[in-house]
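S.K.: Go ahead and model the full structure; you've got the sequences and the hints to work with.
Letter by letter, the chains look like this.
Number of protein chains: 2
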Amino acid sequence: MVSPPAVLDRVLHLATLVGTDLARFEDESGLTTSRAHLLWVLGAAGPSTQQSLASALNVSARNVTGLVDGLGASGHVSREPHPTDRRATLVTPTAKGERAIRELRESHEQLARQLFAHVPADRLAVFAATLDETITAFARLMEET
Amino acid sequence: MVSPPAVLDRVLHLATLVGTDLARFEDESGLTTSRAHLLWVLGAAGPSTQQSLASALNVSARNVTGLVDGLGASGHVSREPHPTDRRATLVTPTAKGERAIRELRESHEQLARQLFAHVPADRLAVFAATLDETITAFARLMEET
DNA sequence: CGGGAATGATGAACCTGGCTCACGGTGTAG
DNA sequence: CTACACCGTGAGCCAGGTTCATCATTCCCG
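Which chain is which? The protein sequence lines are A and B, in order.
29 is the number that this note's numbering gives to position 29 of the first sequence; each next residue is one higher, with no gaps.
125 is the number that this note's numbering gives to position 125 of the second sequence; each next residue is one higher, with no gaps.
In short, the hints are calculated from the structure, not lab data.
We treat Cβ as the ideally placed atom computed from N, Cα and C, and that holds for glycine.
Hints should not be assumed to be uniformly reliable.
Pair ranges (Cβ atoms, derived) [what the hints assert, rightly or not]:
no., chain 1, residue 1, chain 2, residue 2, range
1, B, Met142, A, Pro120, 21 to 27 Å
2, B, Ser55, A, Pro120, 34 to 40 Å
3, B, Ala117, A, Ser60, 33 to 39 Å
4, B, Thr136, A, Ala129, 18 to 24 Å
5, B, Gly46, A, Thr33, 28 to 34 Å
6, A, Glu106, B, Asp122, 33 to 39 Å
7, A, Asp27, B, Arg102, 35 to 41 Å
Away from chain A, derived, C-beta distances all over 12 Å, residues of chain B [said to hold, decoys possible]:
no., residue
8, Gly46
9, Thr49
10, Thr84
11, Asp85
12, Leu90
13, Arg102
Taking beta-carbon pairs under 10 Å as the criterion, some of the chain B residues facing chain A (in silico) [unchecked claim]:
no., residue
14, Thr16
15, Ile135
16, Leu141
M.R.: Here it is as structure tokens:
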């Protein structure tokens with residue numbers, strides 16, 4: 001019999017390990033977690049207004065200003081005028097930013113492949129399914145509250 | 001076929017959800033994440049020097065000073081003289097601190113039970129085993145680097 | 001036993017990542 | 001044209017981290 005709290009601990013343990021790996025990546029690339037996160041979102045969504053980045057990252061718009069300032073200073077993104085709305089700016093990755101996004105993706109993929117390399121496909125499927133159900137259970141739990 | 005990166009994403013997703021739940025707990029109890037974490041460790045290890053807390057939390061000793069200051073101000077812990085080493089202080093939970101630690105444990109256990117309630121025991125066992133193997137794989141990966 | 005090195009906690013100064021509130025510029029619906 | 005809504009940002013705050021320097025104590029070795 002496996003005790004649920006022990007399983008939860010394992011999940012959290014794995015998450016912190018992945019976080020450690022991300023930190024290593026950041027050290028190498030000179031990015032911080034939040035800026036890497038912003039770049040990640042930018043890579044997924046393409047050039048975006050700061051508002052949309054704020055809601056995607058689930059932080060305040062003011063905070064995005066600061067992150068974009070930092071990424072601008074390090075040459076990863078630039079602020080381009082929005083083609084139709086003169087209030088907004090389009091945060092756009094530079095060549096350096098694109099490269100960082102690509103490395104981020106590759107690092108993520110490589111980590112995932114290495115982590116699960118030893119797990120047979122059928123067990124990985126069970127694993128993923130259980131995760132899905134658990135996430136769903138969580139969502140239901142949050143709604144009730 | 002389940003793609004490894006997608007599985008990794010699910011793990012991280014679940015971890016952030018759990019993090020959200022922890023944040024809710026903090027709001028209710030007036031604690032912050034780091035202080036709750038310190039209390040958690042304190043509950044597991046019993047009265048400790050700040051040094052040992054620092055290494056358990058993996059942060060600088062200086063930082064622990066600040067966290068203990070905060071927890072002291074909110075009445076969760078007190079600094080007691082170390083019985084044999086007059087340089088050190090023993091960070092000790094007060095009655096209020098003990099209560100918070102108990103609530104922390106209960107909340108954690110309840111969450112785990114609710115999350116995995118719907119998962120049959122055999123599948124949970126596979127899940128836990130896969131997690132263990134993955135964590136081990138990770139440790140091996142880190143060593144090589 | 002005595003003196004130099006290690007250790008435990010903290011003050012000072014700094015950075016990042018968050019937040020809110022206020023404000024100026026722009027868009028848009030009446 | 002006027003009012004309202006929305007985008008970005010300045011100002012100011014807090015928590016959580018860091019390093020470096022300092023002081024008291026402990027420990028160890030000659």
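S.K.: Each hint should be assessed against the structure and marked as holding or not.
M.R.: Hints and how they fare:
no., hint, in the structure
1, Met142(B) to Pro120(A): 21 to 27 Å, "holds (23 Å)"
2, Ser55(B) to Pro120(A): 34 to 40 Å, "holds (38 Å)"
3, Ala117(B) to Ser60(A): 33 to 39 Å, "holds (36 Å)"
4, Thr136(B) to Ala129(A): 18 to 24 Å, "holds (22 Å)"
5, Gly46(B) to Thr33(A): 28 to 34 Å, "holds (33 Å)"
6, Glu106(A) to Asp122(B): 33 to 39 Å, "holds (36 Å)"
7, Asp27(A) to Arg102(B): 35 to 41 Å, "holds (38 Å)"
8, Gly46, "holds (19 Å)"
9, Thr49, "holds (24 Å)"
10, Thr84, "holds (33 Å)"
11, Asp85, "holds (31 Å)"
12, Leu90, "holds (27 Å)"
13, Arg102, "holds (14 Å)"
14, Thr16, "holds (8 Å)"
15, Ile135, "holds (6 Å)"
16, Leu141, "holds (6 Å)"
Consistency with the previously given hints is maintained throughout, with no hint failing.
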